[in-house]
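Novice: Given chain Y, work out where chain E should sit, using these hints.
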Amino acid sequence: MAEFEQWVNLERDAKFVADGITSIERVGEAVHFKCTFKGNDLGSFRYRVVPEEEAEYSRKEKGRNPHFKLRSGKGSTTNNGAGETTIENTVKLPAAGGNKYKIEVQWMDKGGSTLKTSDTVVTRRRLFYQSIQMSGLGAGAGDIGGMESDMEADYWDEPRKYYVKLLKKASTTIPLIKTMRGEVVGGSTSIANLDEMLNAAKPQYALSTYDPFAFVLVWSNYIATKGSTVVNQTVNVAAPAATWSYAGTTFTLETGKFLWYQLDDTDDANQEWLRSIDCYYTDAAGRPSHLRIPRDRASIAGPAHRSLGGHSQIAIDLSAADMSVIRDHFVAGAGSIRFQVTVNVTIGWTNGFSLGGINLITVADKAVWDPRTRDGKAQTLMHELGHKVGMTPSGTGRLPRKPSCYYTGQGHQGPHCSKGASYNAATRTWAGSPQCVMYGASHAARPRTFCAECAPLVRKLDMSPTMPGFVVPLSNA
Amino acid sequence: MADPLRDQDFEQVPVGSFTPNACSPDVLSDHEFRGIRLNAPTQVLYDSESRDRLHQTFARVLVSGAYHLDSSYLDLREQFMPRVLLVAVDASTHEARAEHFETVPNAIEVESPLDALRLGPGDLEGRSIIEYFNVDLVRVLSLPEAEADYLVYAALGGYVSNVVRISVQKRGKRR
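Sequence order for the protein chains is Y and E.
My numbering applies: residue 1 is where the first sequence begins, and numbers increase by one.
My numbering applies: residue 1001 is where the second sequence begins, and numbers increase by one.
Chain Y on its own, in the form it takes in the complex (with noise of 0.2 Å):
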């Protein structure tokens, strides 16, 4: 009695007899069974593929996706006489993980007795990754080996029967970017500075020939985005605030945000974390009057609020000269006098995020100037590479049902489940304890496994081509 390993998702090709699928016939949804007669007699009989194991797709899903069918799945043939001979049929199985099936074959005469067959085909899925390393992550980035390896676990969970069985087969390094930006530029293409990312990771783009069965994962350093804040500060020495604090000639102001410094070296060295400093005053003479200070006055003040930066104070030195009519300002009675800075400040962090039609998914090492703990890299990896394989599924096209806990919007971007988490329409907020990987934020309680209702449907997942996060590989990118 043997056990066939079936990797339904696959594509009839030699080139994926490998890596333990020892023939091509275990390879794509197509199983193929031969039928010996021995005897001269005229023969006929029905079979039909039994299974003994298989996730349930509803009639509205075998609807919409041909995969979700067991297809040719029951027949009858004959041997019309002809003595000893071989008949060949083929079934075609559904896109599940852990399906398994056996072939039951009833005779049409002699009673029709039943015969099963010994033999089980059981269903798998495979997919093939790259993983891309920016080079001088540091030392918190050590166990990428680890996570990578749980990932392939958490995607084969034998238990919840996902079997997808994630084989990398390269690993290579791109120069560090510092930081990946978030925000698309020019037209509706391409993305502020993911370019260079694409760019650097393209040349070393190994998988072609698993496309379209291939992703790759590049663990990235930070992910943020750059905002401008202008904080209008009327200073006046008679009501001192804790916001702004005037010793000797300098003046520091709490921005109230963190500064976009020590992101991105180019950055640091151009001062782009100052846009400028106006100071509005009435003049002697009662007439509104305005002067530009300087960039060069302003420097970076106060303690880090992280491990690795997040500086929110600047100092503007007063000292010159020309700085004279904005010093009188601090003396008792001097009236006020308002300042308006302009700074770029980090308006946004990330964790990751999955490429909506290119293969390609990126993890960030660290956020918001602190390493990210293993455990939190790993959840987000569990959950980047959910949405490039389908989840949260919105219960169209070719994908599976839509669970309850779907939802997209709500403050989060993409199809994620709120399993264990309420939204408050009214306030825009959310409460509770997320109970699923594909909940849309980062969140204390986000565990690193899907949830009781999302489980099942990554079991259902149709992972054969034309899979929309891989339709475009990085080659083409």
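Hints in this document: simulated from the structure, not taken from any laboratory.
Just so it is clear, CB atoms sit at the ideal spot from N, CA and C, and this is done for glycine as well.
One or more hints might be untrue.
As the list claims (entries may be wrong) - Stretch-level coverage of chain E by chain Y, calculated; a stretch enters the list once three of its residues show a Cβ under 8 Å from a Cβ in chain Y:
#	stretch
1	1077-1091
2	1111-1118
As the list claims (entries may be wrong) - Chain Y stretches covered by chain E per the calculated footprint, using a threshold of three residues with CB under 8 Å from any CB of chain E:
#	stretch
3	236-245
4	323-335
Specialist: Chain E only, in chain Y's frame:
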């Protein structure tokens, strides 16, 4: 006086950026202004060529916005951006779509540096901030792939922006 904005000017604006640009509303020239202002193209054309290769969105319906708010407003300690609500109403069907936008997908919640200051009641008096956003309504509001005229505005607390009208049309069709 600056030249009036043309629809093609918005094509040069980085989507998902939060810095000022040529299409950003002017909230600097009048220091007394408090509230939200929007600028947007009057017409957005789409066809098969306009589909985004990464996000697969059918078109790019960009809105450039800016706000100037007192720092003490709503006791939010200047954390206004995540609270801005974008609203688009289909002028024909009156169907309304409303959503906050993310500064970055799956954003991490980060405490404000102001949280560490133990601010007293008067510490934010006389202080205000201006910030900018440039967002794609197709992504934020999941606008359907269909021709429509949208009335778009933004709201935060008691402030409601000006209303901009954006016509989303298939390229090559005469109206």
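Novice: So is the stretch 1111-1118 of chain E in contact with chain Y by the C-beta rule, three or more residues under 8 Å, or is the coverage claim wrong?
Specialist: Holds: 6 residues of the stretch 1111-1118 of chain E have a Cβ under 8 Å from chain Y.
Novice: Verify this for me: three or more residues of the stretch 323-335 of chain Y with a beta carbon less than 8 Å from a beta carbon of chain E.
Specialist: violated (count 0)
Novice: Counting residues of the stretch 1077-1091 of chain E with a beta carbon closer than 8 Å to any beta carbon of chain Y, are there 3 or more?
Specialist: Our answer is that it holds, as 6 residues pass the Cβ test (under 8 Å) against chain Y, meeting three.
Novice: For the stretch 236-245 of chain Y, count the residues whose Cβ lies under 8 Å from any Cβ of chain E; is that count three or more?
Specialist: holds (count 5)
Against the hints set out earlier in the document, a violation occurs for number 4 only.
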